[in-house]
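J.: Single-letter residue listing:
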Amino acid sequence: DIVMTQSPDSLAVSLGERAAINCKSSQSLLYSSKNMNYLAWYQQKPGQPPKLLIYWASTRESGVPDRFSGSGSGTDFTLTISSLQAEDVAIYFCQQYYTNTYTFGQGTRLEIK
Amino acid sequence: QVQLVQSGAEVRKPGASVNVSCKASGYTFTSHYMHWVRQAPGQGLEWMGLINPSGGSTTYAQKFQGRVTMTRDTSTSTVYMELKGLRSEDTAVYYCARTDYGGNSGFDYWGQGSLITVSS
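For the protein sequence lines, the chains are A and B, in the order given. If you want our numbering, it's the 1-based position in the first sequence plus 20. If you want our numbering, it's the 1-based position in the second sequence plus 67.
In case anyone wonders, no lab produced these hints; they're calculated from the structure. Just so we're clear, the structure is a prediction, and the values are computed from it rather than from any experiment. Where a beta carbon is used, it is the ideal one built from N, C-alpha and C, also for glycine. It cannot be assumed that every hint is accurate.
Said to hold, decoys possible - Stretch by stretch, here's where chain A covers chain B in the computed footprint (C-beta under 8 Å, at least three residues): (1) 119–125; (2) 160–173.
What the hints assert, rightly or not - Cβ pair distances, simulated, as ranges: (3) LEU35/A - GLY123/B: 29 to 35 Å; (4) SER155/B - THR79/A: 19 to 25 Å; (5) ASP167/B - THR98/A: 23 to 29 Å.
What the hints assert, rightly or not - Not everything, but these chain B residues come out facing chain A in the computed CB check (under 8 Å): (6) ALA83; (7) TYR94; (8) PRO108; (9) LEU112; (10) GLY133; (11) TYR147; (12) GLN179.
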């Protein structure tokens, strides 16, 4: 199975500042014939199911604020929140769908400094 | 609007089985794969398997092979996940979640979750 490793495990950022979460996969998620990276990002708040933020590594899901962006290719990816808002406090997960044995990163807890 | 509504919380003894349901509405049931993902208390997300509601074919994570069975009822747009031989480490919130047909997308809609507690 593809192993997904996120860093850091937790992060504290001041309101209005930039937050960046990294995700590394044990093998490339780039499907070269389509030039697409099979990677998604989710946000999970307490007591709620995860919410899809980003798919194809950089495409925002409908309704997701544009302060959320995804970047990267191959094995290294980043979720960036350009200006942290109070409602962004959550745990963030990356996930690969390159193989049909889907795997998630361990999660990154984002808090307000 | 798309909705996935799951069955309620259950308590089971070790060795027992549990069956969790997920009723879909607001879209064409057979046009999207359905997956099951679980989350132990305070832990991360673990993919368990998927079912193609169109033909009923399944793919299970190796960890759950032999213990999990996923089925669907197209007449009620409902998928089911049965987990047998429960142990304490199976205590978790179980989610159903949808992808595109083929499974080549993120999970765009999730059920509300069903807490399964395994305790003697």
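J.: Please write out, lowest number first, the hints stated earlier that are contradicted by the structure.
T.: 1, 3, 4, 6, 7, 8, 10, 11
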